[in-house]
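Sequences and hints are given; from them, build the entire structure.
FYI, the numbering for the first sequence is 97 to 495, going by this note's numbering.
Source of the hints: derived by calculation from the structure; they are not laboratory data. We treat Cβ as the ideally placed atom computed from N, Cα and C, and that holds for glycine. Hints should not be assumed to be uniformly reliable.
Below, simulated PhoX-like cross-link-like pairs (lysine-lysine); rule was C-alpha separation at most 25 Å, straight line [as the list claims (entries may be wrong)]: (1) LYS267 / LYS333; (2) LYS344 / LYS320; (3) LYS241 / LYS204; (4) LYS333 / LYS365; (5) LYS376 / LYS320.
What follows is a list of derived Cβ distance ranges for each label pair [as the list claims (entries may be wrong)]: (6) THR160 / PRO429: 46 to 54 Å; (7) ASN301 / GLU342: 25 to 33 Å; (8) LYS118 / GLU207: 30 to 38 Å; (9) GLU129 / LYS383: 26 to 34 Å.
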Amino acid sequence: MAILHIDGDGFFASCEISLNPKLKGKPVVTGQERGIATAMSPEAKALGIHRGMPIFEIKKLFPTAVIVNSNYHTYGMFATRMYDIVRRFTERVEEYSIDECFAILEDKDREHTARLIKTTLGRELGMTFSVGVAPTKVLAKVASKWNKPDGFTILDNSSIHDFLKNLAVGKVWGIGPQTSHHLHSLGVVTALDFIERPERWIRENLSSPMLETWYELKGTPVYKVHESDDIQKSIQKTRTFPHTSEKKIILSELSHNVEGACIHARRDKLETKRIYYFLKTQEFRYKRCEIPLDVPTNDPMTILSLVQSTFDTLYKSGVEYRATGVTLSELRPTSLNQTDLFGEVVKNLKLKKIFDVVDKIDRKFGTGTVSLASSLTSVGRRHLHPTRRLNLPFMGEVV
DNA sequence: TCTGGGGTCCTAGGACCC
DNA sequence: TCTGGGGTCCTAGGACCC
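Here it is in structure tokens:
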């Protein structure tokens, strides 16, 4: 068996060009709304524009660049088409990220199949992909990165050695700046240096994930290709806002994030058993709070009241904050047949019905049509909200 | 114009128990 | 009052990735 890794080249920019052929051949950059470049067309790269470059700088230095807002919904649809195309050739596909996937190929015809997948993707999606084929995920990943864009690299046991000789250890998937720096100080510079150290040396000098990386790089598979839709571990919503120390605004931001996370959870029919939220100060310090729940929920009011009752342990008046975030963790599928004490489940069931209705309205009229009144104090977004108010039981005021 | 948003996994150290 | 050793569970936060 061989593992295939597919990576969209400049994916976001490629999606924009695929939808709007007039952009073809131009230096296209996405990420306007974020203030930094998130993806570039080859022409933009040729100018010297790179990921993370500030948009104002691009505008100044490269007036010919076409800068567009990212449209994640569109990119998600392209991603779905990409996975579907790959599934025509093999059922065993892992949807790794919005522009990447792994798949398992049978050894016979692996090169032919891989090439066929690549050309089919290119033809049907109107963009190029870089492809790596190797015995393990880590090797497939470095292989696909090797000849970007439009690359096609096959690694087998006979070619691994030469390939890793020319690969900086920090380029390996899973080895970041910290580990890379540490390895350099120990005399390990290339990926080949790394795999040539004995197992004992890895165990003594590095953390356990590095041992897995070590095996993978040597061609022994450790990481599985996750074919099934495994249940998500956590849902997170965060948002940055113009810095403020006003409690009301911060709570309202938190409320917005809680709502967003709960909408996501209900859409995926998940409930959380543990919530965690944070305030981020203007100095980029995090104040966190974690709350285990007795009864799983995906109801924003329940979560919000817990947040409110603990908020003062994190919040200090006079401190400037720039972002908040909420994570729902220990997720589990919604189960309607739980029998439980304390009547909390009964209360949650009632809420569930209401939010089912809310979700239907959202599907019909767009997300955010109905939102909790407590989310409406957000800085600079007030004017976006509709003004009709009504009162629903258990939800407080709804707009 | 410093630094977005969404994830996963691991580890050190504290709390608590025997 | 001070001394142990051993174990588990939990939390804060680091590291990495897209």
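Check the following: the C-beta atoms of ASN301 and GLU342 are separated by a distance inside 25 to 33 Å. violated (49 Å)
Straight-line alpha-carbon gap LYS376 to LYS320, limit 25 Å: violated (36 Å)
Measure nothing beyond the straight line between the CA atoms of LYS333 and LYS365; if it is 25 Å or shorter, mark the hint as holding. Roughly 17 Å separates the two Cα atoms, so the pair holds.
C-beta pair GLU129, LYS383: status relative to the range 26 to 34 Å that was hinted: Distance hint for GLU129, LYS383 holds at roughly 27 Å.
Given the hint that LYS267 pairs with LYS333, test it: the Cα-Cα distance must not exceed 25 Å. Violated: LYS267 and LYS333 sit about 30 Å apart, past 25 Å.
So does THR160 sit 46 to 54 Å from PRO429, Cβ to Cβ? holds (51 Å)
Under the criterion that the straight-line Cα-Cα distance not exceed 25 Å, is the pair LYS344, LYS320 satisfied? violated (46 Å)
Does 30 to 38 Å hold as the CB distance between LYS118 and GLU207, or does it fail? holds (36 Å)
CA of LYS241 to CA of LYS204, is that 25 Å or under? holds (24 Å)
In the structure shown, a violation is registered for the earlier hints numbered 1, 2, 5, 7, in ascending order.
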